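K.L.:
Working from the sequences, and respecting the hints, build out all of it.
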Amino acid sequence: MTGKSLSGHLKNKLIQKALEHKLKQVEQSASGFSPLSSRADIPDAWCRFDQQAGYKQIQIIYKGGAQLGVGNPFFRLHEGIAGATTRIDGQTYINFASYNYLGLSGDARVSQAAKEAIDQYGTSVSASRLVSGERPIHRQLETAIAETYGVDDAVVMVSGHATNVTTIGYLFGANDLILHDELIHNSSLVGAQLSGAKRLSFPHNDYAALDKLLTEQRHHYERVLVVLEGLYSMDGDYPDLPEFIAIKQKHKVFLMVDEAHSLGVLGKTGLGVREHFDIDGKDVDIWMGTLSKSLAGCGGFIAGESALVEHLKFLAPGFLYSVGMPPQVAAPALAALNIIKQEPARVRRLQELSRYFLSKAQAAGMDTGHSQGIAIIAAITGSSLSAARLSEALFYRGINVQPILYPAVPEKCARLRFFISCEHTEGQIDQTIQAYCEEYRS
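Numbering (the working numbering), first residue to last: 17 to 458.
Since the hints were derived computationally from the structure, they do not count as laboratory data.
Please note: incorrect hints may appear among the correct ones.
Below, simulated EDC-like cross-link-like pairs (lysine to aspartate or glutamate); rule was C-alpha separation at most 20 Å, straight line [stated by the list, open to error]:
1. Lys357 - Asp296
2. Lys79 - Asp66
3. Lys131 - Glu150
4. Lys284 - Glu150
5. Lys266 - Asp227
6. Lys428 - Asp253
7. Lys357 - Asp227
8. Lys329 - Glu454
9. Lys357 - Glu368
10. Lys329 - Asp301
11. Lys376 - Glu454
12. Lys266 - Asp301
13. Lys268 - Glu368
Computed from a predicted model, the values in this text were never measured in an experiment.
P.N.:
Okay, structure coming up:
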């Protein structure tokens, strides 16, 4: 490294450290400020949006990015279907930034199902389902989901995030305990906060640590919920579900599995982590999933026993007080689920390509962390600056992949996150890994 490049490297490090320090200062000032203290004046932060901590953090990040010469990789406009490739600003890119794992968003049959639903039902059901928003397509989709999991029933909701928030937030309360994997999705955390239950995390995928926690804590609470994910979206790994089921049964607690990323991806025919481990669907109390990944739609679902589903349908605020799912969303999700069951070759191809990417990446020396080679591959760069720069450099080379930066992950765990589609090719993967390694070493 030359003296000039060393000087530039040190400068960037100093800018980055200053950026992190400013962000932490904003966080601390926000958390330490008490609105209950008696004041003669009203601070600007209490009545102006541009003085709120979150907005200040965004501006610090923008300024730091400009100082480091790194552009904004977010909110890029995709001009068509985003699958293995996409068009941005009139240019075609190899795309690793979409959840279209099985290529069903854009499939002619799935699109046709949406068009036919609009022709039959219009673009909105125009009411909550409880009063007058119920349509046959809702029940058809829910029946298909319940059959997929081998359980009594299911209910679909208009938002995946809100599905977790309203389900956890409504079912549990102040006398209860919610235990979750330390890497659980934000939606489960918000649901736990809404519930008012005591919340504790356990180390990632560590069922022994969960067992120990339950041994210590179970007898202090009425109902206890354990929340896992079928496939973790930041790392691309999955839990040993049979071990967690054994612990659930031992301690008499509820078990919830979020299959947002694992349905359509895990298992011999893509039916999720249940199929992957060949377990009875009724061994898990609450199956949650989203319609926005492999199912090519939008929204979420809960599947389980009849008492759970009926309870949510009549009383969970996020379902009861929300308009029903639009028909042009429910119909393509049902079509996609049927295609997954009819065409398992899509899942096999996705799994083959995922393993190919992982093996090639590891052979090239990329740090893939806990990734198991199932649809999601992490490439850990060690700093937000390197992740942002690598993302930008790859974009200029025709490859679209998003960086995950601090504070979304710890600074040393900043990464690029590659989502694989069954429609990618080995050639596109080889080109991407070669470009990554060249830019990483430059």
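K.L.:
Compare the structure with each hint and give your call.
P.N.:
Tested hints:
no.: 1; hint: Lys357 - Asp296; result: 18 Å, holds
no.: 2; hint: Lys79 - Asp66; result: 15 Å, holds
no.: 3; hint: Lys131 - Glu150; result: 19 Å, holds
no.: 4; hint: Lys284 - Glu150; result: 34 Å, violated
no.: 5; hint: Lys266 - Asp227; result: 9 Å, holds
no.: 6; hint: Lys428 - Asp253; result: 19 Å, holds
no.: 7; hint: Lys357 - Asp227; result: 36 Å, violated
no.: 8; hint: Lys329 - Glu454; result: 53 Å, violated
no.: 9; hint: Lys357 - Glu368; result: 18 Å, holds
no.: 10; hint: Lys329 - Asp301; result: 16 Å, holds
no.: 11; hint: Lys376 - Glu454; result: 14 Å, holds
no.: 12; hint: Lys266 - Asp301; result: 14 Å, holds
no.: 13; hint: Lys268 - Glu368; result: 38 Å, violated
The structure fails to meet hints 4, 7, 8 and 13 from the earlier list, while all remaining hints are met.
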